[in-house]
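Undergrad: The residues making up each chain are set out below.
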Amino acid sequence: GAVVSQHPSRVICKSGTSVKIECRSLDFQATTMFWYRQFPKQSLMLMATSNEGSKATYEQGVEKDKFLINHASLTLSTLTVTSAHPEDSSFYICSALGGPNNQPQHFGDGTRLSIL
Amino acid sequence: DAKTTQPTSMDCAEGRAANLPCNHSTISGNEYVYWYRQIHSQGPQYIIHGLKNNETNEMASLIITEDRKSSTLILPHATLRDTAVYYCIVRVAYGNKLVFGAGTILRVKS
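First to last, the sequence lines map onto chains B and V.
Just so we're aligned: the first sequence equals residues 1 to 116 in my numbering.
Just so we're aligned: the second sequence equals residues 1001 to 1110 in my numbering.
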């Protein structure tokens, strides 16, 4: 089945650091990737939609200058949390969409980000 | 995309069938019903999806009512590893984002 790989799985860093998270589709070409954030005991919240070769579309309330998204190829999208602060600590999850119409999205295993 | 309503939590005995309901009374004719589950500290896992016919795969069965206003996900023989949050999501086929609600916490007990 379709596999989405997310790296790193866990990051712990100091406040003010920028952190890059990678999302790769391993066995299919993903024209669209999605980035979600999940706080403890809450559901997933969509942050942005990333289309290959074009600018990402951000959901309302998500700062595009804070969360930089790059989707430079059909198998890779990156999310960079710039100048991260403790309130950015969360579980970040990507998903990828590709293949024939009506195929489901497949998700990575998430990145646990902890800002000290 | 149409909104869905699911019970907050359910318990199921190991080995028994788990039946998870979902209401989607405002679903449109071109919207599919998708089911995902999330085991603690992992990304969501795709289970099954359907439009109007009942569907079955190696993981589960999806029963959609004739008026399409509700559906039921069936795990035929639940195991402890099926303990997870189950999300029922309605969206237009292909390309549209998935909007997650609160889901149903399924606890499978021995």
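Source of the hints: derived by calculation from the structure; they are not laboratory data.
Glycine included, each C-beta is placed from N, C-alpha and C at the ideal position.
One should not assume that every hint holds.
Rough simulated footprint, nothing fancy, chain B against chain V, three-plus residues with beta-carbon under 8 Å [as the list claims (entries may be wrong)]:
(1) 1061–1068
(2) 1097–1110
Keeping only pairs whose Cα atoms sit at most 25 Å apart, straight-line, the calculated PhoX-like set for lysine-lysine is [stated by the list, open to error]:
(3) V:K1003 to V:K1109
(4) V:K1097 to B:K64
(5) B:K55 to B:K20
(6) V:K1097 to B:K41
(7) B:K64 to B:K20
(8) B:K66 to V:K1097
(9) B:K20 to V:K1097
(10) B:K14 to B:K64
(11) B:K66 to B:K14
(12) V:K1097 to V:K1052
(13) B:K66 to B:K55
(14) V:K1069 to V:K1097
(15) B:K55 to V:K1052
(16) B:K55 to B:K14
(17) B:K66 to B:K41
(18) V:K1052 to V:K1069
(19) V:K1003 to V:K1052
(20) V:K1003 to V:K1069
(21) B:K41 to V:K1003
(22) V:K1109 to B:K41
Undergrad: For V:K1052 and V:K1069, compute the direct alpha-carbon distance and say whether it is at most 25 Å.
TA: holds (10 Å)
Undergrad: Taking 25 Å as the top limit, are the C-alpha atoms of B:K41 and V:K1003 close enough?
TA: This hinted pair holds, its Cα atoms lying about 20 Å apart.
Undergrad: B:K64 and B:K20: Cα distance at most 25 Å?
TA: holds (14 Å)
Undergrad: Holds or violated: are the alpha carbons of V:K1003 and V:K1069 at most 25 Å from each other?
TA: holds (11 Å)
Undergrad: Quick one, are V:K1097 and B:K64 close enough, alpha carbons at most 25 Å?
TA: holds (18 Å)
Undergrad: Are the Cα positions of V:K1069 and V:K1097 separated by 25 Å at most?
TA: Given that 25 Å is the threshold and the Cα spacing comes to 21 Å, the pair holds.
Undergrad: Could you grab the alpha-carbon distance between B:K14 and B:K64 and see if it respects the 25 Å cut-off?
TA: holds (21 Å)
Undergrad: Is the hinted pair B:K66 and B:K55 satisfied, with a Cα-Cα distance of at most 25 Å?
TA: holds (15 Å)
Undergrad: Between V:K1003 and V:K1109, does the CA-CA distance stay at or below 25 Å?
TA: Roughly 30 Å separates the two Cα atoms, so the pair is violated.
Undergrad: Given the hinted pair B:K66 and B:K41, is their alpha-carbon gap at most 25 Å?
TA: holds (24 Å)
Undergrad: Would the hint linking V:K1109 and B:K41 be met if the CA-CA limit is 25 Å?
TA: holds (21 Å)
Undergrad: Regarding the pair B:K55 and B:K20, is the alpha-carbon distance no greater than 25 Å?
TA: Satisfied, since the Cα-Cα distance of roughly 17 Å is no more than 25 Å.
The earlier numbered hints that this structure contradicts are 1, 3, 15 and 16.
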